[in-house]
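Residue strings, one per chain:
Number of protein chains: 2
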Amino acid sequence: MELEDVLRLLAELDDDERVAEILREQQPYDVAELIPDLPAEARLRIMRSLPPAFAAETLEHLTPELQYSILDHLGEDAATAVANELSSDAVADLALSVHPRQAERLLALLPPDYREVVRKLTTYPESSAGGRMTVDYISVRQTWTQDQVMQHIRKVAKDVETINYLYVVDQDGRLTGVTSLRDLILAQPGDRVQDFMSTRLIAVTATADQEEAARELANYDFLAVPVTDPAGRLVGIITWDDVMDVIEEEATEDIQRMGGTEPLGEPYMEVNLFTLYRKRVGWLLLLFLAQSFTGTILKHFEGFLSQVVALTFFIPLLIDTGGNSGAQASTTVIRAMAVGDVTPIDFLRVVWREARLGLILGLTMAAATLLRAFLLGSGVALGLTVAVTILAIVLVGSTVGAALPIIGRRLGFDPAVLSAPLITTIADTLGLLIYFWAARMILGL
Amino acid sequence: MELEDVLRLLAELDDDERVAEILREQQPYDVAELIPDLPAEARLRIMRSLPPAFAAETLEHLTPELQYSILDHLGEDAATAVANELSSDAVADLALSVHPRQAERLLALLPPDYREVVRKLTTYPESSAGGRMTVDYISVRQTWTQDQVMQHIRKVAKDVETINYLYVVDQDGRLTGVTSLRDLILAQPGDRVQDFMSTRLIAVTATADQEEAARELANYDFLAVPVTDPAGRLVGIITWDDVMDVIEEEATEDIQRMGGTEPLGEPYMEVNLFTLYRKRVGWLLLLFLAQSFTGTILKHFEGFLSQVVALTFFIPLLIDTGGNSGAQASTTVIRAMAVGDVTPIDFLRVVWREARLGLILGLTMAAATLLRAFLLGSGVALGLTVAVTILAIVLVGSTVGAALPIIGRRLGFDPAVLSAPLITTIADTLGLLIYFWAARMILGL
Numbered sequence: 201m202e203l204e205d206v207l208r209l210l211a212e213l214d215d216d217e218r219v220a221e222i223l224r225e226q227q228p229y230d231v232a233e234l235i236p237d238l239p240a241e242a243r244l245r246i247m248r249s250l251p252p253a254f255a256a257e258t259l260e261h262l263t264p265e266l267q268y269s270i271l272d273h274l275g276e277d278a279a280t281a282v283a284n285e286l287s288s289d290a291v292a293d294l295a296l297s298v299h300p301r302q303a304e305r306l307l308a309l310l311p312p313d314y315r316e317v318v319r320k321l322t323t324y325p326e327s328s329a330g331g332r333m334t335v336d337y338i339s340v341r342q343t344w345t346q347d348q349v350m351q352h353i354r355k356v357a358k359d360v361e362t363i364n365y366l367y368v369v370d371q372d373g374r375l376t377g378v379t380s381l382r383d384l385i386l387a388q389p390g391d392r393v394q395d396f397m398s399t400r401l402i403a404v405t406a407t408a409d410q411e412e413a414a415r416e417l418a419n420y421d422f423l424a425v426p427v428t429d430p431a432g433r434l435v436g437i438i439t440w441d442d443v444m445d446v447i448e449e450e451a452t453e454d455i456q457r458m459g460g461t462e463p464l465g466e467p468y469m470e471v472n473l474f475t476l477y478r479k480r481v482g483w484l485l486l487l488f489l490a491q492s493f494t495g496t497i498l499k500h501f502e503g504f505l506s507q508v509v510a511l512t513f514f515i516p517l518l519i520d521t522g523g524n525s526g527a528q529a530s531t532t533v534i535r536a537m538a539v540g541d542v543t544p545i546d547f548l549r550v551v552w553r554e555a556r557l558g559l560i561l562g563l564t565m566a567a568a569t570l571l572r573a574f575l576l577g578s579g580v581a582l583g584l585t586v587a588v589t590i591l592a593i594v595l596v597g598s599t600v601g602a603a604l605p606i607i608g609r610r611l612g613f614d615p616a617v618l619s620a621p622l623i624t625t626i627a628d629t630l631g632l633l634i635y636f637w638a639a640r641m642i643l644g645l
Numbered sequence: 201m202e203l204e205d206v207l208r209l210l211a212e213l214d215d216d217e218r219v220a221e222i223l224r225e226q227q228p229y230d231v232a233e234l235i236p237d238l239p240a241e242a243r244l245r246i247m248r249s250l251p252p253a254f255a256a257e258t259l260e261h262l263t264p265e266l267q268y269s270i271l272d273h274l275g276e277d278a279a280t281a282v283a284n285e286l287s288s289d290a291v292a293d294l295a296l297s298v299h300p301r302q303a304e305r306l307l308a309l310l311p312p313d314y315r316e317v318v319r320k321l322t323t324y325p326e327s328s329a330g331g332r333m334t335v336d337y338i339s340v341r342q343t344w345t346q347d348q349v350m351q352h353i354r355k356v357a358k359d360v361e362t363i364n365y366l367y368v369v370d371q372d373g374r375l376t377g378v379t380s381l382r383d384l385i386l387a388q389p390g391d392r393v394q395d396f397m398s399t400r401l402i403a404v405t406a407t408a409d410q411e412e413a414a415r416e417l418a419n420y421d422f423l424a425v426p427v428t429d430p431a432g433r434l435v436g437i438i439t440w441d442d443v444m445d446v447i448e449e450e451a452t453e454d455i456q457r458m459g460g461t462e463p464l465g466e467p468y469m470e471v472n473l474f475t476l477y478r479k480r481v482g483w484l485l486l487l488f489l490a491q492s493f494t495g496t497i498l499k500h501f502e503g504f505l506s507q508v509v510a511l512t513f514f515i516p517l518l519i520d521t522g523g524n525s526g527a528q529a530s531t532t533v534i535r536a537m538a539v540g541d542v543t544p545i546d547f548l549r550v551v552w553r554e555a556r557l558g559l560i561l562g563l564t565m566a567a568a569t570l571l572r573a574f575l576l577g578s579g580v581a582l583g584l585t586v587a588v589t590i591l592a593i594v595l596v597g598s599t600v601g602a603a604l605p606i607i608g609r610r611l612g613f614d615p616a617v618l619s620a621p622l623i624t625t626i627a628d629t630l631g632l633l634i635y636f637w638a639a640r641m642i643l644g645l
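If you read the sequences in order, they're chains A and B. Throughout, our numbering is defined as the position within the first sequence, counted from one, plus 200. Throughout, our numbering is defined as the position within the second sequence, counted from one, plus 200.
It is possible that part of the hints are untrue.
All copies of an identical chain are treated as equivalent in the list; a pair is satisfied when it fits inside any one copy or across any two copies.
Here are the simulated lysine to aspartate or glutamate pairs, DMTMM-like style, with alpha carbons at most 25 Å apart [as the list claims (entries may be wrong)]: (1) Lys-320 <-> Asp-293; (2) Lys-479 <-> Asp-546; (3) Lys-355 <-> Asp-205; (4) Lys-355 <-> Asp-383; (5) Lys-479 <-> Glu-225; (6) Lys-358 <-> Glu-453; (7) Lys-358 <-> Asp-409; (8) Lys-499 <-> Glu-453; (9) Lys-358 <-> Asp-383; (10) Lys-479 <-> Glu-241; (11) Lys-358 <-> Asp-347; (12) Lys-355 <-> Asp-395; (13) Lys-358 <-> Glu-285; (14) Lys-355 <-> Glu-285; (15) Lys-479 <-> Asp-541; (16) Lys-479 <-> Glu-233; (17) Lys-358 <-> Glu-416; (18) Lys-358 <-> Asp-336; (19) Lys-499 <-> Asp-359.
Read the hints as simulated data drawn from the structure, not as lab findings.
Let the hints inform the model, and build the full structure from the sequences given.
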């Protein structure tokens, strides 16, 4: 359904009921795609005319700013209805994304008990399991019969995030087992939960990093992972759709860091110019500072450069090749660590591998250099100088490029921060030193 | 459970039944983690003693080579049992990963009907929806009652990938509707499927790219997406766990390309040295070639460099700053396109934004340069030359860095290929040309 159609419908029909009927034929996600481009008046008319559950699902696809703006102008009755249909993790996320005073007004739309639950959710760090979880799950007791559970599901199904797993808790709320809907359906009405539940529990603590929850879920192919407090009590679940978002967001964060930007934290097109500036200028200036070394080195060897001006012709080539081989190694290793293929235990193996790889890549580049020098008639000595340097620079680039991220992870840093730009600078500095050392040796300067 | 414990158990107990009992308490994924490190004999003993369904689930977590090796040595009966418990997409993937003759032996383990189904699956391109789908879904007719469907589910639940969605097909096999397990449970036993099914169908064609299927599923938060042939007939489904793998693999591919490597296609630690070499040397040599321009430019301006040797001091700084700003822009835009935040429609908006951003970043860097030149006593004229160049280079780097990937996407290329290394080279070349133009203007060379 195109935006123009919607606007036309609204204008022509002037019948919000009819428009809502048509929109209900769409998926909430598709309606959400249209909302941001509509004028505010049209947006509100649409949101008011949708059933609260549908409106809530649509709202969850919008940015926090837009979510709040719509709820704020919806009118109290409609806003209350919609807010109460939002999933608990969505409400918590929204409360955390807006000004505290706005968060209070949002929470005021909820009944007191639920409000406290959501408030508790907002106390968890945003990128922790607790910060991602929802409290909309089904818990059962192990003494219930299959039939009792089915009846219970029919009562609460509308209010929960998933009915695929039913979590078994004891009288203290501690997680003791889990059963899938499939196992439930395959059981007999008279069977008790304890007869068919699984006690093979995989869970994460509320304070664990969201990436850990994501990885557990992805490894075991679970639709949801239960979250427990230190006492083993079930406090929430993280569902697969949130995990998919986590995986995608974490990859985006890593990619942006590897490119030399601070993570944007929101879709690119929605970031304003000055925020983009702030996210990038820091790195540029830092690397500018680090680059001072190269200027100092070159100044130090001013004499060499005066004697053999041709030495300068190859500087960009050496610098970029060092940067490229460093980037190849570091991006590969950083990503391998992110998906769990490499852990700090593998440090020596990885460095040894990259050193040998750097050697044969460096020899290849050295051969290419000699060939080029020969074709350009640059002279054997100069060609050899550049060749030796390029061999060394690729070797150093690959080895350092692979080693630094692992060391960084070991020291508790985000390995993506030790990214291509930083490694490039190290490779440059060492490369230039090697260059002039080789020039001294080979060209006799 | 630690590897040593498993080995000890096997040695001590010499009782495969007991060992299997213990392993069955684990998750298949955890057993799969142990398998590669066990000696071949132990592996087979374990796989033989596990129930076929559990063994199959464990097998699916292993690399194709290991999967085939185990099946090959398992003995015909055991191999047949396990192979028939593998999900259809797993069998198809395995058949595609091994030598054709080995694939035939694998398929020979399956009953003829099923064998043809799997064979059909292998004809789809690996990274298409058809190449990812499984045929293990439940289809129903819209005239069935809720009760009939529940009975049907109890019969087939063990053999299907998911019971969460039931796909409604007509007598020609065309997909006409879908219902969720939740809606099924909430319906009355006498209701007919057509009464509670949804006709709001989201599906992908078998020839569509896997990324499209992944994006649909991720956008709509579906647990599975149906796959149809051109006639609208249901041919398979792609489940969320496969989509999570797709999202992660596609991100890894992009990251590796952006770092200047050909995608590895397998976990980093499993790639042998010469494959790693092949994946990297191409780019290094290509960029080496592109770098020739910088050498030629510098040679052309040999005179300038002889007159003012200090010009060389800033070359690495300029080159790296251009590369960094280009990388910042390109990695951000490439990723934004990958997650759907930016489309080619946004070209002018993005380029205009990056141009303005490049301007203020460039002005910042120019100011930093002038400050540094002042502190180093490099002289006003030289400082100004470098400052002007750095302003231009950051402006060019940001704009070109953002524009090229979008243009590339428009022309049908993978934007990640037009990555930082390539954009760096362009920024370098233009940067040097601007440098010497500024030197001529300001220094009067």
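Verification of the hints:
1. Lys-320 <-> Asp-293: within (12 Å within a copy, 45 Å between copies)
2. Lys-479 <-> Asp-546: between (33 Å within a copy, 21 Å between copies)
3. Lys-355 <-> Asp-205: This pair counts as neither: shortest intra-copy Cα distance 38 Å, inter-copy 46 Å.
4. Lys-355 <-> Asp-383: both (19 Å within a copy, 12 Å between copies)
5. Lys-479 <-> Glu-225: neither (41 Å within a copy, 48 Å between copies)
6. Lys-358 <-> Glu-453: neither (35 Å within a copy, 40 Å between copies)
7. Lys-358 <-> Asp-409: neither (30 Å within a copy, 34 Å between copies)
8. Lys-499 <-> Glu-453: Classified as neither; 38 Å inside a copy, 41 Å across copies.
9. Lys-358 <-> Asp-383: both (21 Å within a copy, 10 Å between copies)
10. Lys-479 <-> Glu-241: neither (34 Å within a copy, 55 Å between copies)
11. Lys-358 <-> Asp-347: This pair counts as both: shortest intra-copy Cα distance 18 Å, inter-copy 21 Å.
12. Lys-355 <-> Asp-395: both (23 Å within a copy, 20 Å between copies)
13. Lys-358 <-> Glu-285: within (10 Å within a copy, 34 Å between copies)
14. Lys-355 <-> Glu-285: Close inside one copy (16 Å), not across copies (36 Å); limit 25 Å.
15. Lys-479 <-> Asp-541: between (30 Å within a copy, 18 Å between copies)
16. Lys-479 <-> Glu-233: Neither way: Lys-479 and Glu-233 sit 27 Å apart in one copy and 40 Å across, limit 25 Å.
17. Lys-358 <-> Glu-416: Cα proximity of Lys-358 and Glu-416: across copies only (24 Å, versus 27 Å in one copy).
18. Lys-358 <-> Asp-336: Only inside one copy: Lys-358 and Asp-336 sit 10 Å apart there, 28 Å across copies, limit 25 Å.
19. Lys-499 <-> Asp-359: Classified as neither: same-chain Cα gap 71 Å, cross-chain 73 Å, threshold 25 Å.
Consistency note: the structure conflicts with the earlier hints numbered 3, 5, 6, 7, 8, 10, 16, 19.
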